[in-house]
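Using the sequences and the hints, build the whole thing.
Top to bottom, those sequences are chains D and B. Going left to right, the first sequence walks through residues 131 to 887 as the working numbering numbers them. Going left to right, the second sequence walks through residues 37 to 118 as the working numbering numbers them.
These are computed hints drawn from the structure, not numbers from a lab. Treat the hints with care, since some could be wrong.
[Stated by the list, open to error] In silico DSS-like cross-links for lysine-lysine, where the CA-CA straight-line distance does not exceed 30 Å: (1) Lys447(D) with Lys526(D); (2) Lys537(D) with Lys566(D); (3) Lys553(D) with Lys135(D); (4) Lys104(B) with Lys135(D); (5) Lys553(D) with Lys566(D); (6) Lys448(D) with Lys566(D); (7) Lys104(B) with Lys537(D); (8) Lys336(D) with Lys885(D); (9) Lys485(D) with Lys104(B).
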Amino acid sequence: MTVIKRKDELKVVGTRPIRPDGVDKVIGRAAFGADLAMPGMLVGKVKRSPHAHARIRKIDTSRAKALKGVLAVITAADLPNIPSEEAFMGEGPMNFRDLSRNCMARDKVLYEGHALAAVAATSAAIADEAIELIAVDYEVLPHVIDVDEAMAPGAPLLHDDLITAGVEPKPNKPSNVAKRIHFEIGNVDQGFKEADIVVEGRYTTKPVHQAYIEPHACVATVGADSQAMVWTSSQGQFMVRAYCAKLLGIEISNLRVIPAEIGGGFGGKTLVYLEPLALAMARISGRPVKMVMNREEVFRATGPTSGASMEVKIGAKKDGRITAAQALLKYQAGAFPGSPVGPGCMTAFAMYDLKNVRVTGYDVVSNRCKVAAYRAPGAPISSYAVESAMDELAQKLGMDPIALREKNAAREGTKTVYGPMLKNIGYVETLEAAKKHTHYGIKLGPNQGRGVASGYWFNVGGESSAAVHIAEDGTATVVSGNPDIGGSRASMAMQAAEVLGIPIERVRCIVGDTASIGFTFMTGGSRVTFATGLATIQAAEKVVEDLKRRAAMIWDISPEAVDWRDGAAHPAGANAGNFQPLTLKEIAEKAGKTGGPIGAEVSLNAQSPGAGFATHVCDVEVDPETGYVTVLRYTAVQDVGRAIHPSYVEGQIQGGVAQGVGWALNEEYVYDSKGRLENPGFLDYRIPVASDLPMIDAVMVEVPNPSHPYGARGVGEVPIVPPMAAVANAVRAATGIRMTQLPMSPPNLRAALRKAK
Amino acid sequence: MPRVVFAGSAAQRFTGGENEIAVEATTFRRLVLELDRRFPGLGRQVEEGMAIAIDGEIFQDAYATQLKPDSEIVLIPKIGGG
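Structure follows, in structure tokens:
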């Protein structure tokens with residue numbers, strides 16, 4: 131068991147140093163995916179399907195190839211035909227055949243925007259012209275987008291060979307249902323019989339995009355010796371390397387991926403789209419190829435998260451004790467299997483200590499982009515339904531919504547529906563803090579309402595590498611294997627500084643490329659501060675041991691007689707000798723004489739990451755004429771383990787809430803009758819901006835995670851889990867109307883208000 | 037002997053619906069080998085798509101993880117994130 135340091139023992143962890151990469155990002159000096167230029171570089175563009183579902187009869191690229199300035203044209207015929215092979219390399223199960231066919235359609239296009247050819251030319255104008263010269267003969271097929279319609283008998287089939295997994299006996303016909311998942315504990319039917327009150331409802335959510343500001347972008351080169359390089363903005367340079375190598379048949383040692391600065395990912399940059407195409411065209415042309423999506427392409431061709439259709443039923447005794455709960459969750463996967471319905475099922479009721487629970491999930495393909503991970507994948511969707519039902523239950527019982535949750539709250543040792551018991555969790559603490567917060571006592575006016583909702587996310591650990599190098603002047607560099615999305619350079623530097631005992635200003639952290647640091651799993655799952663932080667701490671500890679050994683050499687005493695504190699070696703006691711402390715700088719100056727350069731790298735597989743819980747309180751005012759919802763106040767309470775950099779943690783919480791409020795109130799994909807997306811831009815796909823939101827009060831509850839010496843646990847995902855239900859419950863309190871469909875946009879809410887009159 | 041619980045349908049389809057067994061194993065790796073011996077295909081499923089919770093703490097891809105004689109081991113789907 132790791133010994134968690136007391137707060138009063140920490141000098142750097144828990145402070146709020148200035149963000150090292152902040153200014154460069156604000157003034158546009160940081161180098162993002164689209165910022166690299168190389169001599170002789172070509173511009174790559176993608177030909178995309180105008181149809182939601184069609185068979186490709188023929189692609190004629192001859193006119194495009196003949197255009198002056200075009201140096202490469204590719205279709206699926208130019209890429210390896212990857213067989214079906216499942217692996218868990220990204221943020222969920224991955225089938226390389228599907229990934230390959232998502233990057234470049236083969237035989238069929240499965241959604242509007244599906245890539246089916248690409249060109250590389252000497253200018254963007256020539257590339258655009260070449261795209262237009264590619265002639266495609268389509269057999270347009272019927273399409274289906276809605277999840278319930280995709281499951282209905284007679285629905286257009288996307289894949290002739292898709293047999294539902296998880297069903298016994300195995301179906302003998304294909305369908306759009308890729309998988310059925312089922313979890314059950316206790317006796318659910320008996321539990322409902324014992325209930326005094328039962329609430330049930332059907333809820334739907336729309337697919338929403340991660341809406342990162344920076345579109346996908348990359349530059350690829352292939353040298354004469356077959357050494358390839360990709361510069362790209364992603365959530366994992368090692369993920370890009372693995373996927374590209376697999377899709378193109380490249381040996382991993384021949385491919386180096388350099389992580390560019392990343393302008394947001396939120397799970398959406400855990401896949402490849404352009405990189406294999408750019409590499410393939412760089413290989414053909416012998417020139418560097420840059421590819422950059424525009425916003426329209428991002429919306430049409432990159433993964434949002436699922437839309438869903440859900441049914442939830444909860445039964446309880448009059449005192450509020452829940453006797454049974456069940457949920458049926460149907461999630462859109464997009465064009466290929468792999469929605470986050472699994473974690474949706476596992477997290478749905480994880481906030482509660484329930485004896486009788488049944489959750490069934492369906493992973494359903496339909497004619498839209500393949501979904502990608504989005505912050506706590508799957509959990510916000512199921513949580514919206516469950517936490518709305520909990521609010522209904524509180525109302526019917528006449529109970530305070532926090533009191534109802536306290537009555538049923540998951541605590542130490544609570545068994546989840548997916549099997550394990552929960553340990554070292556702080557859910558009850560979030561409920562207590564929310565109840566005590568001044569926000570909860572503020573009186574509301576006309577057309578105003580207050581909503582409460584809770585959320586859960588597992589958090590993950592996994593494989594991470596970090597190195598710590600000491601320079602001749604005693605400053606330190608941390609090399610991390612994770613792209614910095616949420617401030618990890620600062621948190622890695624702070625954890626190293628804490629171990630080394632030096633000020634944070636003397637430690638810098640960089641993100642290493644795939645050739646300069648050991649394998650590191652992606653930035654995602656709220657894992658980096660915890661898992662890569664552990665690698666950083668252990669690397670710094672190795673350095674400290676080495677520094678003590680070198681100090682002992684300088685003093686000519688035993689290494690066991692040396693202590694390390696406040697950034698310097700000290701004699702361990704009077705018997706060790708009477709020496710002035712040797713600072714890190716002084717030891718570093720003598721590195722050559724004491725054994726050479728000072729540094730250490732640690733690679734590990736971090737386990738037992740510690741789960742995250744949150745409770746949110748939201749006040750809204752609803753305009754009864756227009757249906758416009760103003761968020762008046764928002765308080766987000768979260769168990770953060772222990773905050774390494776509290777400002778970053780607060781930022782993660784506020785960011786999660788902002789995205790959740792957008793999901794609740796405005797964001798949706800709008801399709802026409804032919805399955806074409808009608809709002810592929812931020813003008814019509816409305817994400818919240820600063821003026822749409824109040825100051826979000828992020829309240830950190832600190833229940834330290836015993837798997838980390840500073841008590842850190844993941845914080846980036848659980849804050850997006852409660853907001854949709856918190857807002858919906860507030861709208862219910864303000865209007866008396868339970869909004870069971872998202873988004874609660876002005877037209878939708880206005881229609882509901884009119885219907886209720 | 038450690039008890040292994042198969043909580044969801046992903047593992048239960050290999051066990052014929054059996055949802056709990058005792059297994060002679062002292063490490064995660066031995067557990068996987070023993071599960072595959074008793075339920076062919078389950079070992080690969082655990083290796084490639086599942087994590088284990090040992091007495092409430094979640095472990096992924098950790099052969100050397102020690103099991104105690106009274107441990108409760110739950111096989112769960114592997115978890116990613118966003």
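Now the hints, each set against the structure:
For the hint linking lysine 447(D) to lysine 526(D), the alpha-carbon distance of about 11 Å falls within 30 Å, and the restraint holds. Of the supplied pair hints, the one linking lysine 537(D) and lysine 566(D) holds, its CA atoms being roughly 17 Å apart against a limit of 30 Å. Restraint check for lysine 553(D) and lysine 135(D): satisfied, since their Cα atoms lie roughly 19 Å apart, inside the 30 Å limit. For the suggested pair lysine 104(B) and lysine 135(D), the alpha carbons sit about 27 Å apart, so the restraint of at most 30 Å is met.
Of the pairs offered as hints, the one joining lysine 553(D) and lysine 566(D) holds, with about 24 Å between alpha carbons and a cut-off of 30 Å not exceeded. Under the criterion of a C-alpha separation no larger than 30 Å, the hint pairing lysine 448(D) with lysine 566(D) is consistent with the structure, at around 25 Å. As the CA atoms of lysine 104(B) and lysine 537(D) are separated by approximately 33 Å, the hinted pair breaks the 30 Å bound. Restraint check for lysine 336(D) and lysine 885(D): the C-alpha separation of about 22 Å stays at or below 30 Å, so the hint holds.
Only pairs whose Cα atoms come within 30 Å are accepted, and lysine 485(D) paired with lysine 104(B) is accepted, the gap being roughly 26 Å.
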